[in-house]
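Chains as they are written, first to last, in my numbering: chain A, 30 to 359; chain B, 30 to 359.
If you're looking for bench data, these hints aren't it; they were derived computationally from the structure.
Yeah, the Cβ is synthetic: ideal placement off N, Cα and C, and Gly gets one too.
Watch out, some of these pointers could steer you wrong.
[Stated by the list, open to error] Distance condition first, Cα-Cα at most 30 Å in a straight line; then the derived BS3-like pairs of lysine-lysine:
| hint | chain 1 | residue 1 | chain 2 | residue 2 |
| --- | --- | --- | --- | --- |
| 1 | A | 298 | B | 348 |
| 2 | A | 298 | B | 269 |
| 3 | A | 196 | A | 208 |
| 4 | B | 287 | B | 208 |
| 5 | B | 269 | B | 292 |
| 6 | A | 61 | A | 278 |
| 7 | B | 278 | B | 208 |
| 8 | B | 348 | A | 61 |
| 9 | B | 278 | B | 61 |
| 10 | A | 235 | A | 292 |
| 11 | B | 287 | A | 348 |
| 12 | B | 61 | A | 348 |
| 13 | B | 235 | B | 298 |
| 14 | A | 196 | A | 292 |
| 15 | A | 235 | A | 278 |
[As the list claims (entries may be wrong)] Not the full set, but computed from the structure, chain B residues with beta-carbon under 8 Å of chain A:
| hint | residue |
| --- | --- |
| 16 | 57 |
| 17 | 58 |
| 18 | 62 |
| 19 | 76 |
| 20 | 112 |
| 21 | 113 |
| 22 | 121 |
Number of protein chains: 2
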Amino acid sequence: MQDHDVVGIGNAIVDILGRCDDAFLARFGRTKGSMQLVDAATVRELYDAMGPAVEVSGGSVANTMAGIASFGGKAGFIGKIADDQFGQVFQHDIRAAGVTFNTPPAVGSPEPTGRSLILVTPDGQRTMNTALGVSPQLGGGEVDAELIRSARILYLEGYLFDRPEAKAAFRQAADIAAKAGRQVALSLSDPFCVDRHRPEFLEFVKGSVDILFANEAEIISLYETATFEEAARRAQADNKLAALTRSEKGSLILSGDKLIPIKAAPVAKVVDTTGAGDLYAAGFLFGLATGRDHETAGKLGSLAAAEIISHIGARPEAKLAELARTAGLL
Amino acid sequence: MQDHDVVGIGNAIVDILGRCDDAFLARFGRTKGSMQLVDAATVRELYDAMGPAVEVSGGSVANTMAGIASFGGKAGFIGKIADDQFGQVFQHDIRAAGVTFNTPPAVGSPEPTGRSLILVTPDGQRTMNTALGVSPQLGGGEVDAELIRSARILYLEGYLFDRPEAKAAFRQAADIAAKAGRQVALSLSDPFCVDRHRPEFLEFVKGSVDILFANEAEIISLYETATFEEAARRAQADNKLAALTRSEKGSLILSGDKLIPIKAAPVAKVVDTTGAGDLYAAGFLFGLATGRDHETAGKLGSLAAAEIISHIGARPEAKLAELARTAGLL
Chain A
30 MQDHDVVGIG
40 NAIVDILGRC
50 DDAFLARFGR
60 TKGSMQLVDA
70 ATVRELYDAM
80 GPAVEVSGGS
90 VANTMAGIAS
100 FGGKAGFIGK
110 IADDQFGQVF
120 QHDIRAAGVT
130 FNTPPAVGSP
140 EPTGRSLILV
150 TPDGQRTMNT
160 ALGVSPQLGG
170 GEVDAELIRS
180 ARILYLEGYL
190 FDRPEAKAAF
200 RQAADIAAKA
210 GRQVALSLSD
220 PFCVDRHRPE
230 FLEFVKGSVD
240 ILFANEAEII
250 SLYETATFEE
260 AARRAQADNK
270 LAALTRSEKG
280 SLILSGDKLI
290 PIKAAPVAKV
300 VDTTGAGDLY
310 AAGFLFGLAT
320 GRDHETAGKL
330 GSLAAAEIIS
340 HIGARPEAKL
350 AELARTAGLL
Chain B
30 MQDHDVVGIG
40 NAIVDILGRC
50 DDAFLARFGR
60 TKGSMQLVDA
70 ATVRELYDAM
80 GPAVEVSGGS
90 VANTMAGIAS
100 FGGKAGFIGK
110 IADDQFGQVF
120 QHDIRAAGVT
130 FNTPPAVGSP
140 EPTGRSLILV
150 TPDGQRTMNT
160 ALGVSPQLGG
170 GEVDAELIRS
180 ARILYLEGYL
190 FDRPEAKAAF
200 RQAADIAAKA
210 GRQVALSLSD
220 PFCVDRHRPE
230 FLEFVKGSVD
240 ILFANEAEII
250 SLYETATFEE
260 AARRAQADNK
270 LAALTRSEKG
280 SLILSGDKLI
290 PIKAAPVAKV
300 VDTTGAGDLY
310 AAGFLFGLAT
320 GRDHETAGKL
330 GSLAAAEIIS
340 HIGARPEAKL
350 AELARTAGLL
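Here chain A stands alone, though its shape is the one from the complex (with noise of 0.2 Å):
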């Protein structure tokens, strides 16, 4: 099998995205900036009640693989589709970004393709409500060992801890890996998925993770500190390399005893902060993966967050190479 940088294990979700206001998210109980699991009749009710809308292939780590793929890096993805017209979709948007794909489509499976309602309220920040549908049917059988094997790095997304099969698949993952030799890295995903299995992530990360990815209120949640600070001390710590995102604020790396803050780089406005996170990854992964320095690696994830936050949708619009380059990054 042809070598990879990455290979990311995650659910496939198609994104179906569209505007609202503030008293939208309030009147259906939402919480701004969160991920919150929905089932089928609630994603009715809210599809029925919200504005037009776009449809975008997602997903975290799917996100992250296409981010890869659009540095010019070399990705593959495991992700479970349903056999349905959005499962065509996300299959043909992941292949078209030039990332590897063969996880077969479930075949007569009740449960459809998994989608997320996302709502972009007016500051650009975005609130997803996901319906999983057959995502976290992922079988032991689908992890496909060579694949893993064939990649510097493997990345998998806190969100498969939501569902039991789904997790099974994720260790088996992780186990694979670190028997090739490879590094296992993992993103949190959101602090409420953190408080939802923090004993768990505690001892995935402590054991099995190389290396970190959390926002400010995942990492919090995960240590379950007041500060920032006390948090980023913690994962220090434990020993992990890491990389913490603060929004407008950038990142700050945990490498060894070194602190590397970054910058976030310069956005006209804010459009969609959708991705803003799968995509830092994605630019950071490159840089591990392509052996660039941590400082670096930090800056392209930076570059790529700012791309996709200028736009609607978590997939670059832009070729990513040819901004790093223009950047001087390249």
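Dock chain B against chain A, hints included.
Chain B in isolation, oriented as in the chain A frame:
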């Protein structure tokens, strides 16, 4: 039933919009700027070859109805979707835009909801490859006579001539409208569509149409003239109210023995011309239905066309009523 300003009948289509270069169009033998009907095998071949895409509800007359609603008008749409995910997307978006839409989805049809692979070149031009799917299966029983009679204007898309079933529904609707003393408007849709059905178009325009929409290529194709000016004279001789669009040259309104030239509204950057004609028609029809003079109606058309070509997709992102108020047109 509540009164409507305009009710439209057209193909119910979900657009799959992606970018390509001119070489891609050449490789697949596509004529830039045209709409081509394709079969399922060609859809698959093109879709596999094209880059990542976004899905947005489309359909020429459906776009026009969404535009009228965005101006604050009351619009209704009649069109056939399948009972599938793209059908749900279409139904959601048109209702969320505020358009009355009650055509029942086809249940158990082997044909999916219609889709159009739209390839956007760097110059902003769009080239459409449409698989009509279930869309032409609009039965006579679905031509909602009460809805048609509730509207001042019935608006029909020329594309419906491409399938005999849809054409029958189209003629039936025109008959209902005429008997109720309503006006009948027609868009010629596409020069190649006109070429495929010229005798029927000519007969229908002369006998049943009160308001005609066409671009330069379409009106030249209809009358088989050498120049635009000659085609315009022929349309004027046929005594139609006509709005002839000319891209960046604006439009020309034929109103009795008057010719009213309308300037194109300025656009900072043409991103995607998909829907330009549809939204021009939205402004013009909204203006007519709400009792504005022909020049103001034309200016409303230019304003809506300028909004739609400044972003991806053929449904308005801005509230057209607000843009029109700012421009002093409402």
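Against the structure, the hints come out as follows:
no.: 1; hint: 298(A) - 348(B); in the structure: 20 Å, holds
no.: 2; hint: 298(A) - 269(B); in the structure: 46 Å, violated
no.: 3; hint: 196(A) - 208(A); in the structure: 18 Å, holds
no.: 4; hint: 287(B) - 208(B); in the structure: 28 Å, holds
no.: 5; hint: 269(B) - 292(B); in the structure: 21 Å, holds
no.: 6; hint: 61(A) - 278(A); in the structure: 19 Å, holds
no.: 7; hint: 278(B) - 208(B); in the structure: 37 Å, violated
no.: 8; hint: 348(B) - 61(A); in the structure: 24 Å, holds
no.: 9; hint: 278(B) - 61(B); in the structure: 19 Å, holds
no.: 10; hint: 235(A) - 292(A); in the structure: 28 Å, holds
no.: 11; hint: 287(B) - 348(A); in the structure: 50 Å, violated
no.: 12; hint: 61(B) - 348(A); in the structure: 24 Å, holds
no.: 13; hint: 235(B) - 298(B); in the structure: 38 Å, violated
no.: 14; hint: 196(A) - 292(A); in the structure: 34 Å, violated
no.: 15; hint: 235(A) - 278(A); in the structure: 27 Å, holds
no.: 16; hint: 57; in the structure: 15 Å, violated
no.: 17; hint: 58; in the structure: 21 Å, violated
no.: 18; hint: 62; in the structure: 23 Å, violated
no.: 19; hint: 76; in the structure: 6 Å, holds
no.: 20; hint: 112; in the structure: 12 Å, violated
no.: 21; hint: 113; in the structure: 6 Å, holds
no.: 22; hint: 121; in the structure: 6 Å, holds
The structure is inconsistent with the numbered hints 2, 7, 11, 13, 14, 16, 17, 18 and 20, although it conforms to all the rest.
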